[in-house]
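Q: If you read the sequences in order, they're chains A and B.
Position 31 of the first sequence, counting from 1, maps to 31 under the UniProt record's numbering, and the rest follow consecutively.
Position 93 of the second sequence, counting from 1, maps to 93 under the UniProt record's numbering, and the rest follow consecutively.
Hints may contain errors.
[Stated by the list, open to error] If you want the ones that stay clear, here's a sample from chain B, every Cβ over 10 Å from chain A, calculated: (1) Y23; (2) Q42; (3) S73; (4) V83; (5) G190; (6) A289.
[As the list claims (entries may be wrong)] Straight-line Cα separation of at most 25 Å, PhoX-like style, residue types lysine-lysine; simulated pairs: (7) B:K308 x A:K308; (8) B:K21 x B:K39; (9) B:K341 x B:K177; (10) A:K377 x B:K384; (11) A:K308 x B:K415; (12) A:K340 x B:K308; (13) A:K347 x B:K308; (14) A:K308 x B:K377; (15) A:K39 x A:K145; (16) B:K308 x A:K21; (17) B:K377 x A:K377; (18) B:K145 x A:K377; (19) B:K75 x B:K39; (20) A:K70 x A:K21; (21) A:K308 x B:K341; (22) B:K377 x A:K384; (23) A:K21 x A:K377; (24) A:K21 x A:K260; (25) B:K177 x B:K260; (26) B:K415 x B:K384; (27) A:K347 x A:K384; (28) A:K308 x B:K347; (29) B:K260 x B:K145; (30) B:K177 x B:K340; (31) A:K21 x A:K415; (32) A:K21 x A:K341; (33) A:K308 x B:K39; (34) B:K182 x B:K39; (35) B:K21 x B:K341; (36) A:K75 x A:K347; (37) B:K415 x B:K347; (38) A:K341 x B:K260.
Source of the hints: derived by calculation from the structure; they are not laboratory data.
Predicted, not measured: the structure shown is a model, and the values here were computed from it.
Each residue gets a CB set at the ideal place from its N, CA and C atoms; glycine is no exception.
Protein chains: 2
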Amino acid sequence: MIIPVILSGGAGTRLWPASRKGYPKPFLDFDGSGSLLQKTWQRVAQLADSQLPLIITNRDYYFQSREQLKQVSGKADFLLEPVGRNTAPAILAAAHYVNERYGAEAVMLLVAADHLIHDQAAFARSAAAAARLAAQGKLVTFGIKPQFAHTGFGYIQAGDAIAGSEGCHQVTSFHEKPDLAKAERMLAEGGYFWNSGMFCCTAGQMLAEFAEHAAHVSDAVRQCWDVSRADNEHWHMFALDQDSFGKCPDISVDYAVVEKSANVAMVGAGFDWSDIGSWDAVAALGEQALPENVINIDSQDCYFQTGKRVVAAIGLENLVVVDTPDALLISRKDRAQDVKKVVDRLKAEGSMLHEVHNTMYRPWGSYTVLEEAAGYKIKRIEVKPGQSLSLQMHHHRSEHWIVVSGMARVVNGDKEFLLGPNESTYIPAGHVHRLSNPGVIDLAIIEVQSGQYLEEDDIVRFEDHYGRQ
Amino acid sequence: MIIPVILSGGAGTRLWPASRKGYPKPFLDFDGSGSLLQKTWQRVAQLADSQLPLIITNRDYYFQSREQLKQVSGKADFLLEPVGRNTAPAILAAAHYVNERYGAEAVMLLVAADHLIHDQAAFARSAAAAARLAAQGKLVTFGIKPQFAHTGFGYIQAGDAIAGSEGCHQVTSFHEKPDLAKAERMLAEGGYFWNSGMFCCTAGQMLAEFAEHAAHVSDAVRQCWDVSRADNEHWHMFALDQDSFGKCPDISVDYAVVEKSANVAMVGAGFDWSDIGSWDAVAALGEQALPENVINIDSQDCYFQTGKRVVAAIGLENLVVVDTPDALLISRKDRAQDVKKVVDRLKAEGSMLHEVHNTMYRPWGSYTVLEEAAGYKIKRIEVKPGQSLSLQMHHHRSEHWIVVSGMARVVNGDKEFLLGPNESTYIPAGHVHRLSNPGVIDLAIIEVQSGQYLEEDDIVRFEDHYGRQ
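Next up, chain A with everything else stripped away, as it sits in the complex:
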């Protein structure tokens, strides 16, 4: 029995401005064929012997993740982190979850939600080989044959082949992210592999490895698990306790356990693999079909990700252009790593552009800021069928709501009524109000806020279907 465990975490800073904290890398779709999360789900869900995948993610991403799965008719269980604590606490919590639900012998196949693999058959073969080793009590890593002297990955030195398991090796040593000279040496010498960050191990063995090599992590996560277990009635959306999870050490599973264990093995991946760490990696995925709204006059070797606007490119070479409603990136491909410097600059300037997009996702749907100026703000609000915003009140702003599609149920002060397309209502400051979609198609309204203070924190919530305060 294999339980695919999808770690859906990292923000993907170097994929700014597409990737931001409010819409991180796993949600991105680079070629219209599905997001990284959707592709990862599809990759593991179709493995033989696989159970319903378990997704570990921040609780802020739960609704978006569920929505993305829905788009590919996918289902998964969720293990929700209240805060990010690197991979060790997340993986150990998953081990508790799997151990308790499926038993100590259940094999966890741990994969990242933001990697790209095309060769499904080869992936399935490697996963099956890893699962066999895991069932024998091994902590199995997946090594990727290096294509060049990459300095952004850890390396695994493979030892003797494991008899009877094609492509499987003992592990001689682990090496953290090397400098270029060391990376080149390892590449020339051979026998070194990129550490992909995927693992395979039984739940029981994972618990044991932590207990042996990282007692402080083991203790902290056990305390969190015990509290969380008492609080959660359902496995399908299992929330980790905030206080005790917050107290877990912020360290990686490699550092806490994998590099210390004498029990590790490596499967040499037979499949293609990219962690799509930056825009040059995206551009390298293959020949791009130019987006329709690019007017290209003699540009070569460029990658474009566009939005609604027309982009005219004249005589360009070797560039990445990423156009979003509020930010534009133009970078030489071989300098794409420096997107990190842009994000650092934004942080230093106190900008929010690295955290949020102008479309924000919420449990009930999304909103997009269309315009903001002194005294007013205009949003398009989309509410999914059957969903509802909280019953709320603002001290400093009035709101005009105009329905443009679908049907709204509106609470406005002591009145409750339905509002159809082209109908509007006015909610004075101080009025308790709620917007719901009682229908079966999406509801879209235009909201014009007026007032001297229009920030999101001027909200008093009286009741919320999603437990927000």
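With chain A's structure known, arrange chain B on it following the hints.
A: For chain B alone, coordinates are given in the frame of chain A:
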């Protein structure tokens, strides 16, 4: 007596996406120090002996031009073309205007609204020299000493110096835009100047030159003038008759008259000059102070014109980046001429992006389309103090108006009322309505249109202060 005549015409195709038919090159401000039209007005208005400048422009640009002058506390008379007919009919109509108003001896100093000249003192000296020759009956051109073998200008071959007039020459010959080989020959040989498109001539002499060398233009413009004169009571906003102006030949003053006359002289310009024909010329104007919203990581020799969005530039060289709300241009500087190809492509695709911006200027103010989707359109409408939209009705759309600043007077069906900030009204399809600004500060409203057909041509005008139908 010098009458500065400002020809405010050309669209400036190669300055797309900043320059478009609805907001052409003379209105552009490249460095925040004023638009080309404003700078041109300032340049000629301060000349000694100069009268109120006369601006010849398309009647569609009248309100915007007046607004731009107002911003620099400038005044001018206007001669309005109903359609564009190249420079010959425009200049001849101006000659009639000046002849009739100021007399045949009045000196016209004809300048383009979209050239840039920094050295005001040198310009004033050249203009004075030209005016003296013009008063002696010469048709004076301004020659610019070539800086390189430009193939985009006509050339003037200078002849003998005119005694007593420093920098003034007889003219030996005119040469239309040359190929590169010829341009290089002329540059090497010396004695050739770029034809700047500025002229100086008395009104009477200009009329005589046309009568002698271009009788068909002379006759057509005289007919237009006679009809127009009968229709216009005021000199300050003088409209040329549509039918008869439309029948004038579409040719340049160079071709019609200047190249044929034996009476021309040339002033060698003592001033710097740029016609800012394309983005590389804009970039060449000088070291740019990087806009605040550009995050530059190691880019060099680039020119940025940005809007509201952040632009991150990593490792770029020798590029021009022009960012507007609905279109983005990224071009190698030395390929900037090919912006024309982009505009050709847009035309071929039936796009309106080369004609209109998402902000449209109207006699009463402006509107900006904030969002457009199936079934609705959102605009921000700004009305200047004392101005008023037409009394109108739409068959297919309803409108929600929300005032966000200033005070509105609203006609809605059979009601008329005032609306202040944060107040709204709903105008059903079929209702006659009008929006006015009775106040002394700008009025801004958000309009949300609903309906199945939302184009600008669904409008029935009952009354309009600006004579529109």
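Q: Hint by hint, say whether it matches the structure.
A: Comparing the hints with the structure gives:
1. Y23: Given that every Cβ of chain A is farther than 10 Å from that of B:Y23, nearest at about 16 Å, it holds.
2. Q42: 31 Å, holds
3. S73: 26 Å, holds
4. V83: B:V83 is indeed farther than 10 Å from all Cβ atoms of chain A, at 28 Å.
5. G190: 33 Å, holds
6. A289: 18 Å, holds
7. B:K308 x A:K308: Roughly 16 Å between the alpha carbons, so the hint for B:K308 and A:K308 holds.
8. B:K21 x B:K39: Given that 25 Å is the threshold and the Cα spacing comes to 20 Å, the pair holds.
9. B:K341 x B:K177: 19 Å, holds
10. A:K377 x B:K384: 21 Å, holds
11. A:K308 x B:K415: 40 Å, violated
12. A:K340 x B:K308: 22 Å, holds
13. A:K347 x B:K308: Status holds; Cα separation ~18 Å.
14. A:K308 x B:K377: Holds. A:K308 to B:K377 sits at ~16 Å (cutoff 25 Å).
15. A:K39 x A:K145: 22 Å, holds
16. B:K308 x A:K21: 21 Å, holds
17. B:K377 x A:K377: At roughly 16 Å apart (the allowed maximum being 25 Å), A:K377 and B:K377 satisfy the hint.
18. B:K145 x A:K377: 53 Å, violated
19. B:K75 x B:K39: Roughly 13 Å separates the two Cα atoms, so the pair holds.
20. A:K70 x A:K21: Holds. A:K70 to A:K21 sits at ~22 Å (cutoff 25 Å).
21. A:K308 x B:K341: 21 Å, holds
22. B:K377 x A:K384: Holds, at roughly 21 Å.
23. A:K21 x A:K377: OK: A:K21 and A:K377 at ~23 Å, within 25 Å.
24. A:K21 x A:K260: Judged against 25 Å, a Cα distance of about 32 Å means the pair is violated.
25. B:K177 x B:K260: 17 Å, holds
26. B:K415 x B:K384: Holds. B:K415 to B:K384 sits at ~23 Å (cutoff 25 Å).
27. A:K347 x A:K384: 33 Å, violated
28. A:K308 x B:K347: With Cα atoms ~18 Å apart, A:K308 and B:K347 stay inside 25 Å; holds.
29. B:K260 x B:K145: Holds - the C-alpha atoms of B:K145 and B:K260 are around 22 Å apart, at most 25 Å.
30. B:K177 x B:K340: Since the Cα atoms of B:K177 and B:K340 sit roughly 17 Å apart, the hinted pair holds (cutoff 25 Å).
31. A:K21 x A:K415: 38 Å, violated
32. A:K21 x A:K341: Distance of about 16 Å is within 25 Å: holds.
33. A:K308 x B:K39: It is violated: about 35 Å lies between the C-alpha atoms, which goes past 25 Å.
34. B:K182 x B:K39: 34 Å, violated
35. B:K21 x B:K341: Roughly 16 Å separates the two Cα atoms, so the pair holds.
36. A:K75 x A:K347: 36 Å, violated
37. B:K415 x B:K347: 44 Å, violated
38. A:K341 x B:K260: 62 Å, violated
In summary, the structure is inconsistent with hints 11, 18, 24, 27, 31, 33, 34, 36, 37, 38 from the numbered list given earlier, while agreeing with the others.
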